[in-house]
Amino acid sequence: MKQIALAFCVLLSLQVASAYSQNPEAMPLVRFTEDVEPIFVRSCTKCHGSLRQESNYRLDHRVLAIAGGASDAPSIVPFKSDDSPLIQYVSGQVDGMLMPPRGSRLTSAEINVLRLWIDQGAVGPDSSTFTANENQQWWSIRPLVRPPAPVVLDGENVIDAFIRDRLNAVGLSPSPPASREVLLRRVYFDLIGLPPNPDECESFMTDSGPLAYERLVDRLLASPRYGERWARYWMDAAHFAETHGHDQDRIRENAWPYRDYLIDAFNHDTPYGQFVCEQLAADAIPQGVTSKIAALGFLAAGPWDESTLRDIREDTLDRQIGRYIDRDDMLTNVMTNFTSLTVHCARCHDHKFDPISQSDYYSLQAVFAGVERANRSFDFDPSIEQRRQKLRNRIKQLDTLDSSFVEELLGPESQQALVDWELSNKAGRVDWLLFQPTTVTAINGSELTYQHDGSYLASGERPERDTYELSGVANLSAITGIRLELLTDKALPFQGPGRQDNGNLHLSEFEIDFGGDNHVQVSRALSDFDQDGWGVQRAVDGKTETAWGIYPQVGKSHEAIFEFANAIPIRSNTPISIRLKQLHGGGHLIGRFRVSVTSDQLPLSPSVLPTNIEAILATDIQSRSKEQRIELAVHFERERLSRELDALPKPSLVYAAAADFEPDGSLVPPTGPRPIHRLERGDIRSPKELAIPGALTCISALPARFQVDSMSPESARRAALAKWLVHKDNPLIWRSIVNRIWQHHFGRGIVDTANDFGKLGSQPTHPELLDWLATDFRDSGQSIKKLHRSILLSNTYRQSSRTTEVNLQGNAERRDDDSVRVDSDNRLLWRMNRTRLDAECIRDAMLSISGQLDSRMGGPSDRQFDLKPGRHVTPVVDYGLFDLDSSAARRRSVYRFLFRTLPDPFMEALDCPAGDQIVSVRANSVTVQQALALWNDSFVLRMSEIWADKLQLQKGDSSQHVTKAIVEAFCRNPQQPELDRFIRYAEKHGLANLCRLLLNTNEFIFVD
Amino acid sequence: MISRRSLLQNCGYGLGGIALFQLLGDEGTFGASNLSRGMGGLHHAAKANRVIQLFMNGGASQMDLLDYKPMLQDRHGQKFEPSTESRIEAATSVPGNILGSPFSFAKHGDCGRWVSSLMPNLAKHVDDIAVLLSMTSRTNVHGPASYLMNTGFQLPGFPCLGAWVSYGLGNINENLPAFIVLPDGRGLPYNQRGNFSSGFLPVTHQGTMIQANLAEPLHGLRAPSSARFITPESERDGLLLLAETNRASLAHHDFDPRMESRIRAYELAAKLQLSAPEVFDLSQESAATHTAYGLDNPTTEDFGRRCLLARRMIERGVRMVQVWSGANGPTGNWDNHSSIINELPPMTAATDKPTAALLSDLKARGLFDDTLLLWNTEFGRMPFSQGSEGRDHNGSAGIGWMAGAGVRPGVAVGETDEWSWKAVKEPVTNYDFHATVLQLLGIDHERLVYQHNGADRRLTDVHGHVIHSLLS
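As given, the protein sequences belong to chains C and F, one line each in that order. Reading the first sequence from the start, the letters are residues 1 to 1008 in my numbering. Reading the second sequence from the start, the letters are residues 1 to 472 in my numbering.
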C-alpha cells in the first residue's frame, strides 16, 4: 500500500507546483540559503563544488552553475525550469544522466523547490557567489541577538504573536481552543506524565475562575512528579542505562544517583548554565558542591566496552583504539546535547558540511583525556568530604614523602604515638617465622627462584597447571598456623601476584604434611581478599576443582592464613612439606610467594604485619637505623590514616567520569591526561600533532583553544569547556535548549532536528521566535520552569488538535479553511499536535488508574526481571518471571532498571530506547509487536485485573463501575451508545476484560 | 526545505485512505517499489529474495576448519616468527608457540576445497558454496567485532543486517515478522539482543527473537495463563469491540492515520497468533527430514531444530532468519581459548550435520532459486597457541561462506599468509560482505540510507565493495 502513498505524494506535490504556476501570487518565494543551498550541499556539491568539479561543473558559484557543465548549453535556464538540464538530470528525464548517481535521490519535493527557484530567476544572495562568508552567516552560529517582539494582541502572549504573524502571512489562522477536558489531560501528561484522577478532573472542570488554568500549570510545575517526567527526557538524551552494553553487559550498581540528580535538578529548576556546568565539571566548580558530583554521571551515561577497556591486554592496539572511541562517546554526548552540532562527524576528516575541523574534534577529545568511566565516591555532606580529602592527600604524601613530612613523622608527637602503639600491640601480634625450605620444586616445570626477602618468584615457560612443593624444617616446638603471602612483582602481568595474563591465580588446594605422611587438616582459613565465588575456603575443601582467587584485586599483595584446630608439636628435625596445588588451568599460577609459620596461641589474629615491619619491631628501639625508623613511622601513619578514613561514614558512589577511583583489573586511574593526537583519517596508526584542549573555532566570539596549564588537574579542561559552552556569547547552547523544551511540548521543535543545527539539519520554522525565546531564557534566569510556563500559557499550546470539526449532524468534517491544504504538516502550528503517549506515560498511567502507583522517589532502580548469573559476565534476565505484585512493580517507570542489551520487551515495543544512542525525540511507531504487547503483556493484564477489583469495591452497579472506568481512562464522561456497549461486554465477560480493552483504545493511547 | 519524511507526513496526514502505508512492517520502510515483494529488488533486479544466516558466536577457528595451513603442522611447537615487521600481539594472552591444527585435512569436491575432518558433512557440499578465506575485522574483541559483523559499527545502537533488509524490503508475508532470530538454546550470544537490534530504525525492524526453551518464546503472542479472566469468548468479543470503539472514535474525532494503523495492527496481531503455531509444528515434517537435520540425536537436536524452523519460516515468507550457534561465555561456543582439540569438535559436531541438511534441503526444494544462505563468525583465531593448546582472537584473518541464489558455487575468495595469521590477498571486510549480500537482494548498499542525528547512516558506514567474483 505504501506505493499508493508515494504515488499520492508525488501527485500532491505536482499539484502544488502546478497550482503555483497557475496562480503566481500563491507561489512562495524560494530563498536560496534556506531552501536551495541545503539541497545542493547534501546532494550535489560533494562532486560539483569547490573541492571537486566533476564534468567541469560546480554549483557553488552562480555564474558557473548556470553556464557550466560538459555540454555547451547552459545547465540552468533562469525562469525556465522545464528547459534546464539540471532539472532534467535530477528528475531522471535523461537516460544515463540521473543525478546524483549515488546516495539518496532528490525527492520530488526537493525537485519542486529547485524548479520554483529557477522559475523565480535562480537568484542567489549575491549576484556572483552563492556562499559568501556562509559559515559565519549560518543561522545557528550567527550571534544571538534579541529580535524585536511583534505586536502582542489582547489575550495573547509573545509566543502567540510570533506564531500568528507567520500564520497570517500565508493566510491561515489559529484553531479554536481545546475543550477543558482535553486541555486538562494534555497538560497533565505533558508536565507530570500522569493522568488527572477523577477528583482533579472535577475540581478543574468546576473552577470557572479566570486563573484556573494558570493555577493548574503552577501546581503541576511544583509537583515532584514534574521532575520525574522531565528527567526522563534528559536520560534519553544522555543515553543513560544501567549496564555497560557490549558483550560484557555488566550491571552498574551505582548509575542511579545520576538519575536522582536529574530529577532533583528539574524539580529545583536549576538554572540551565549551572545544570550544564555540573554535568561536565561538578568536581571543578567551587567548594561546597560535592553533593553534585552525581551530575558527572552524564559523561559516563553511555555504553562502555568492558572487554576492550578492562580485560584485554593493555599493550594492544585494540585498547588504544577503544579509548579514542570511548572519548568519542563522551564528547558526542556533550556536543550533541548542548550545542546541537554533529561534531563527531569530524573524527576522520573535517566536517563535510559544517565549519568543524578535525583539529576542533581532537581538541575536544583532549578535554576528556584524563577521565575514565568508573565508580566515583562522593559525600553529600561537604564537611565529611573535606575531611576525607585531607586524609587522602596525606596518604598520597606518604608515597612521595618529602623531607618536611619525614621530619614531622620523626618528630616527638608522632614518635610518642608510635611507641604507645608498639607497646599496646605487642601482645596481640602473631609472631611469624619465615619458613625456609631446603627443597623447592614445581612438578610441571615452573622455575622458582629464591628472592632476598625469603620469597620465591616463578618464571620460565608458564605451564597450564602446576603444583609447588616446599620441604624443610622449622625451629619451633609446635605449629599452630601457616601464612601464605602472595606478593606483587614487576615481572608479572599487572604486577601479579598471579601469572595468568590478567594477574590472577587459583590455588586449588593447600596441603601440609608433618613427618612424612602425616596429613594435617586445616581447620580455618582466612584471607585478606577473596574473588567473588572463589573464597579461600575453597583451597582447603579437599576438592581440586574449586580454588581461591584474588581477581580483580591484581597488582596488590595478598595473604592467607591456614590455622590448625590444635597446636601440632614438632621437633627441629620434623620434616614439613607444603603443597600448593594450582590445577585450574589456563596458567592461573602463583607468581611470587612467601611462607611463614607460627606457634602462637590459637586462635590466630587475622591482622598481621608485613614481614619487613615485623623485622623492625623485632629490633630493639635504640638499635633501629634511621631508614628503619622512617619505614616504621610511615607504616604506622598509613595504618592510622586508613583507620580514620574507614571510620568516616561510607561515601556514596556514582558511576561517572572519574580521574581517581579504585583500580579494577587493568582499568586504573590515568596518571594524568593522556596525550591526544589528531589521527589522520581517524586511524590510530597515523597520529599527527598533539591536540590542545579546546572547542569549536566557528564560534568566533569565544577562544577556541583553552589556556590550561600543564600542571592543572584534568578537571580544569572540563571546567574550561563548561565555561565555553555556557558563555553568553555562545549562540548554540541557548538556541539548542529552548528548541528541546519546545519540542517536548509540541512533539516537534522549531528546528525539526534537535540534534543537528548544521547544514544537513532542518532550518527553524520560526527563526525570530527561536532567537527571542533563546535570549529571553538566557537573560532572565535560565529557568526551564519559566519557559514551560510561557509556552503552556500561550494560546498556541491551548489550541485544539483537530483537523476536523463536528457538524450539526454530529459527523466529522474537514475544517473549512486552507490549513490542511497549505500546511497539512502543521509546521506553522495552526493547531496543536496530537501525541501518542510514550512508554513511561502508558505504564505509569496504568499504575495510576489501577490505584497501584507508589510515589516513593529515588534510590536504587527497581529490577523488574528475574536475575540469574549468566555463563559469563552478562547475567540471565527474564522479564516474564518478575512478580508483578511485588513492591518493585509499582513505582514510576523512571525508576525502572535499564538493561542495555536486554531491555524490557514491553517498554521496547512502545519505543522506549535502550540507551545506546542519543535520543532527542522518541520514535512513535505503530506495530504488530506493540499491539501484541498492549493486548497480552502480563503487566497490562495484571493492572486490568487490579483496576477492575478496585472499581468493584466501590458502591454501585456495573453501569456506575463502567462510567467510573471511562472517566479514569479518558478524563471525560461516557456517551450513551458506548456506555451501553461497554456495560454489555463487562456484564458478559467481567469488568477486568473491559479494563483491558479500555487500556488498548486509541483514546487512551493518544493525547489530543 | 521539505524533507522526504515531512513529505510523507504531509501525504499521510488527513488522507484516511492511505493510512495503510504507515502500517506495521511498512511503517517507516524505505522501499518504495512494488518489486521488493517479488524479485525486482529495491535499486536493481534482485537475485535473492530471502536470507538465512548461520552465525557462529565466538570466532570460529579458520585454520582448523577451512583455511588449511600445512606450515603450522610442520612447525608445530616452534617459536612464531613471521617474516614481517608487524607486531605479534594477542588480545587476551601472551603469544605462545606455533599451534598446528590437530585435525586432518583433505581435498573435497570438484573444486578441490580443503576441509578438515571436523566438517565431514559440509565437505560433501563444497561445490555448492562460495568460501571466503580472507575475512577481516577491525577489532580483536568479541563485543565490538560481533557488532561490526552484524551492524557495521563497533558500538551498540546501530541497525543490524536483518533490520536493514526489513527496512529496505519490508515483509513478504504480513502475518509473520520480516526478521526472526533463533538464538542457541544455551543462551544469547555476545552482545545479547544488541546483535539483532533495529538501532535507530523503527522498532518493527528489529529481530523478533524466538526462544523455544522459554515459557514465553515470543513476547506477547498470547496472554499468560495467569490471566484467568480471559476466555476465548472474551478475547474474540473484546477484539471486535476494541475495533468498533477505535473506529467510532476515529470517525467521531479525526482522520489520523496513526489511529487507523492501530486498528489494522490488532487485526494483523490476531493473524500472527493464528499463523505462528503452524510454523513451529515440526510434526508436519517427515521422519526422514527429522533424521537428516539430526533431530533424533541430542548432539545435533538444538541446532538442527532451529535450522529446520528457519527453512519453514523462509518457506512461509519470513524475509530473513538468523540462526545462532553458541551462547556468550567461556565455553559452549566457538571461542576456544583453552583447547582447540577439546573445545572445537563439540561445536562442529552440533552444527555440521544440520548445516549440510539445510543446504541439501534448500537445494532440493528449489528454494535456492531465491534464498541466500550465509555462514559467518565475528573473527578468526591465532596460528600460535594460547596456553598450550588454545587459540586467541584474530581480527586479521577469518572465514565465512555463502550459498544459494546469485552465488557462484564452488569458488573461493582471498588468501591468508602461510600461517593464516593475516589476510594478504583480496581481504574481505564486513562492509564488503554486507555490500555483497545487499547487492544480491537488489539493494545498492550506498543508497540504503537513514538519516540519524545529523549523519546519513548505512549498514556499510562509508566503506564496502561488492565482491563480484562471488556472484554467479
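Keep in mind that the hints were calculated from the coordinates and are not lab data. Where a beta carbon is used, it is the ideal one built from N, C-alpha and C, also for glycine. Please note that the accuracy of each hint is not assured.
Unchecked claim - Chain C is faced by these chain F residues, among others (derived, beta-carbon under 8 Å):
hint	residue
1	Lys79
2	Thr139
3	His219
4	Tyr266
Stated by the list, open to error - Simulated restraints, written as ranges between beta carbons of each label pair:
hint	chain 1	residue 1	chain 2	residue 2	range
5	C	Asp83	F	Val462	28 to 38 Å
6	C	Val876	F	Glu278	22 to 32 Å
7	F	Ser226	C	Arg640	55 to 65 Å
8	C	Thr544	F	Ser226	42 to 52 Å
9	C	Arg640	F	His76	38 to 48 Å
Status of each hint after checking the structure:
no., hint, in the structure
1, Lys79, "violated (12 Å)"
2, Thr139, "holds (6 Å)"
3, His219, "holds (4 Å)"
4, Tyr266, "holds (5 Å)"
5, C:Asp83 with F:Val462: 28 to 38 Å, "holds (37 Å)"
6, C:Val876 with F:Glu278: 22 to 32 Å, "holds (30 Å)"
7, F:Ser226 with C:Arg640: 55 to 65 Å, "holds (59 Å)"
8, C:Thr544 with F:Ser226: 42 to 52 Å, "holds (46 Å)"
9, C:Arg640 with F:His76: 38 to 48 Å, "violated (58 Å)"
When held up to the earlier numbered hints, the structure conflicts with 1 and 9 and fits the remainder.
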